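Here are the chains, one letter per residue:
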Amino acid sequence: MLVRKLKELIIEKIIFLCGVLSIIFVGLIFLFLLKEGLALFKFISPGGFLFGKSWYPISEPAQLGVLPLILGSLIVTLGAAVISIPIGVGCAVYIAEVAPAKTKEVLKTGIELLAAIPSVVLGFIGMVTLVPWVKNIFHLPTGLTALSGSIMLAFMAMPTIVSIAEDALYSVPKSYKEGALALGATRWQSIYRVMLPAASSGILAAVMLGLGRVIGETMAVMMITGNAAVIPQSILVPVRTLTATIAAEMGEAVVGSEHYFALFAVGIVLFVISFAINVTADLFLHKKR
Amino acid sequence: MHNSQRTQKIAFLFLFLATLLIVVPVGLIVVIIIQKGLPAINWQFLTDIPRQGMRAGGIFPAIVGTMYLVAGAIVFALPIGLLAAIYLSEYSKDNFLNRLIKLAIVNLAGVPSVVYGLFGLALFVIFLKFGASILSGSLTLGIMILPIIITASREALESVPDSFREVSLSLGASKWQTIRHIVLPNAVPGILTGTILGLGRAAGETAPILFTVAAFYLPRLPHSIFDQAMALPYHLYVISTQVPNVDEKIRYGTALVLLVLVLFMNLVAIIIRYKFRKKKKW
Amino acid sequence: MVTKFDIENLNIWFKEVRALKDVSLKIQANEILSVIGPSNSGKTTFIRMLNRMNELQYNFRMNGKVELDGFDVRKIDLEPLRKRVGMVFALPLPLPLSIFDNVVYGARMHGINNKNKLKEIVERSLKQAYIWDEVKDRLGVSAYKLSGGQQQRLCIARTLAVGPEVILYDEPCSGLDPISTAKVEETMLKLKEKYTIVLVTNNVKQAARVGDRTAFFLNGELVELDKTDQIFTAPRDKRTDGYIRGKFG
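Protein chains in written order, with the working numbering: chain A, 476 to 764; chain B, -5 to 276; chain C, -19 to 229.
Don't read these hints as lab results, they were simulated from the structure. Just so it is clear, the structure is predicted and the values come from calculations on it, not from any experiment. Note that CB positions come from ideal geometry on N, CA and C, so glycine has one too. Some hints could be false.
A few chain C residues that don't get close to chain B, going by computed Cβ distances all over 12 Å [stated by the list, open to error]: (1) Val(-18); (2) Trp112; (3) Asp192.
Cut-off 27 Å, straight-line C-alpha distance, at most; resulting in silico cross-link-like pairs (DSS-like, lysine-lysine) [claimed, not checked]: (4) A:Lys579 x B:Lys272; (5) B:Lys87 x C:Lys(-5); (6) C:Lys1 x C:Lys218; (7) C:Lys(-5) x B:Lys169; (8) A:Lys510 x B:Lys169; (9) A:Lys583 x B:Lys123; (10) C:Lys95 x A:Lys482; (11) A:Lys488 x B:Lys169; (12) B:Lys273 x A:Lys583; (13) C:Lys1 x A:Lys488; (14) B:Lys272 x A:Lys649; (15) C:Lys99 x B:Lys169; (16) A:Lys488 x B:Lys3; (17) A:Lys579 x B:Lys273; (18) A:Lys610 x B:Lys272; (19) A:Lys583 x B:Lys96; (20) C:Lys55 x A:Lys482; (21) A:Lys583 x B:Lys269; (22) A:Lys577 x B:Lys169; (23) B:Lys87 x A:Lys480; (24) A:Lys652 x B:Lys3; (25) B:Lys96 x C:Lys(-5); (26) A:Lys488 x B:Lys96; (27) A:Lys652 x A:Lys579; (28) A:Lys480 x C:Lys97; (29) A:Lys517 x B:Lys123; (30) A:Lys762 x B:Lys87; (31) B:Lys87 x C:Lys97; (32) B:Lys272 x A:Lys577; (33) B:Lys169 x C:Lys218; (34) A:Lys510 x B:Lys123; (35) C:Lys55 x B:Lys169.
Derived contacts from chain C toward chain B, CB cut-off under 10 Å, selection only [what the hints assert, rightly or not]: (36) Pro18; (37) Val68; (38) Met89; (39) His90; (40) Leu148.
Work out the full structure, taking the sequences as your base and the hints as a guide.
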């Protein structure tokens, strides 16, 4: 009896420890990014880093301005948003409100499988199919452009958008819709005037999380956006994103060098962006309850 | 009325088109990879080491490397994730700490994969001196899939009716006995689903292993968990972008193997979930 | 007469809502005490105090005295307390296990693993709950295969298998048909020779049929407690009279 009690006490302590481990991990991630990244500011001011217009990490002296990378991420993300939001939300509405029950299950499974396709596979497919198309359609010297990245990334954002928006629509009380239908509205009117507004905060959260995935996406974007670290003038030129920069250059950066610190500083920027997006989206998701 | 019916028709048509715009490309992607990758698949491709600078031979070390990484990640993440889920579902109260934990999980799920790579590099490879190794890579992937396992397990635990817990407690079972004998057995399918989804995710990710374990070209099997290893997703990246003149067949073949591996795990998870839903007794 | 439970000035709150107000009463050994009252009268809160199930709600707060055989229940460890004070719930709640495993669940948790011993417990408990003949040939099948009335008697057997001294029935027949109800009541009358029984019920007639004494709760207060005959023929409080005659609740 006493032995069992002691055993259970220990088990419960371990359970508690594992419970708070998530907090510890988030803290550790941030701590280690800071530890390695803040060292950069011995060499360069935070303003010079964030707003510097040139990223030439291996020139002498190194120029470590991330503005081109931030703009690269931004343009790719905006492009992906324009494509994925209407399609994603439309598909969510179709699945939640229009599709017959069996089709619904099949579609949901399909969307789940899309979410599961590794980004490196999507990047590879984008390279061999999408990139030549973009090149030919727009008569460009190269198809490795922000646009290609946007299209491919839209596919990575859509599963997130669809599934969370579909959840949001699903959790609108049935009585809302029935009320509208009882008043003589068509199904579309009840969707458009009642369901969508009622689910709006959840849909907003869906969009934010989808775009969060786009900003953080690495491999596909690195393989198909051309990786030119210059401030983009249009969506049809090669760009380099924050994530791709880390992935492409960390292998060559010497541990403890300015370049190494700078890549961690880029990591801090990414971490802060994703943190902000996730916290806000979480607020929206819980607002509806 | 006639007019609004027509508006509805048009609107539904657009919604359907939006759905097609997702489904058709996905189908095409899978079909293209299967069609072009299948000819590359043979026994030798799956069991041989890469030869001639990865332009010939097989992908065996990459498959094995990915298996090691996935196994390592799950050995680390499953116990922690499951216990964390038990804490959230069975022990925690609706207080500040609980909210903080949930927020932390949401953020862990949202941290970009390449940032996990940086973290793994800084903590495991450099600070803890594990070097670029299977150990470092597994731990990094393990932390990355933790939120998937926690979320799925927690949902599974919470779906066990409270009345079961009350009955067990009323018979004089302790809280832990109740969890161990009543709650956990009834949550197994959900936990399994989450675990397999986590496995699939770990198998497919590239960015977290870039600087923590992945070897560019290592035509042998790893000797220990402190050894570097090749991995399927990184190998696909390498032969697609870093090595010129690789036969397209090999690239598609590698993509196919990776895709099948990941989709297979997801399908298994989906099937388990579906069967369980049908069988549910309460 | 031996006092089993001694309750004095018991107050219970959930959050800020007061569920019980200054309740004092004694429960005698080997009696059936019926507890009646409209919903939200505090009667379920009252019996869930006796095996401390209220503490599962974390807004729960209490003061006053609740003693089992002269010991403060809050000083008895939960597991031994609940082993001594068993509970049968409103709905039949079999665990998703076989009939056999349902019955021996509690015994196993208390460390009994000997196969013969377990078999013995199963047979004795199922017989005590008058369901042995109906299930003895299919102890291995899922408890969900039984009818609602059988399930509830299985739950009674499961409670008996732990070897309690007191059995709390929380509206045990609310989901059952009249025949099953009669069978459950029959078991109760037999069981009181060995056990002390507290029966919470919405069914006034049931209280009259099986209770030795009856307590009437209203808005968290104990309005009246007396011999069942007395309560049903000449209640002292007119609220009791009103409830029994069906004026409210």
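| Restraint check, 10 Å cut-off on beta carbons, for C:Val68 near chain B | holds, 9 Å
| request: For the pair we were handed, A:Lys610 and B:Lys272, check the Cα-Cα distance against 27 Å. | output: violated, 49 Å
| Are the Cα atoms of A:Lys762 and B:Lys87 separated by 27 Å or less? | holds, 20 Å
| query | Taking only the CA atoms, is the gap from A:Lys488 to B:Lys169 under or equal to 27 Å? | reply | holds, 13 Å
| message | Given the hinted pair A:Lys480 and C:Lys97, is their Cα-Cα distance within 27 Å? | response | holds, 24 Å
| field | Restraint status (C-alpha distance of A:Lys488 to B:Lys96 at most 27 Å) | value | With Cα atoms ~19 Å apart, A:Lys488 and B:Lys96 stay inside 27 Å; holds.
| field | Distance restraint between C:Lys55 and B:Lys169, which requires alpha-carbon spacing of 27 Å or less | value | Within the cut-off at roughly 18 Å; holds.
| request: Take a quick look at whether A:Lys577 and B:Lys169 sit within 27 Å of each other, Cα to Cα. | output: Violated, at roughly 41 Å.
| request: Compare the distance between the alpha carbons of A:Lys583 and B:Lys269 with 27 Å, and conclude whether the hinted pair is satisfied. | output: holds, 16 Å
| Does A:Lys480 lie within 27 Å of B:Lys87 when you go C-alpha to C-alpha? | Within the cut-off at roughly 22 Å; holds.
| query | When you check the alpha-carbon spacing of A:Lys583 and B:Lys123, does it fall within 27 Å? | reply | violated, 44 Å
| task | Starting from A:Lys579, check that the Cα of B:Lys273 is at most 27 Å away, please. | result | Answer holds: A:Lys579 to B:Lys273 is near 20 Å, not above 27 Å.
Hints 8, 9, 13, 16, 18, 22, 31, 33 and 36 from the earlier list are contradicted by this structure; the remaining hints agree with it.
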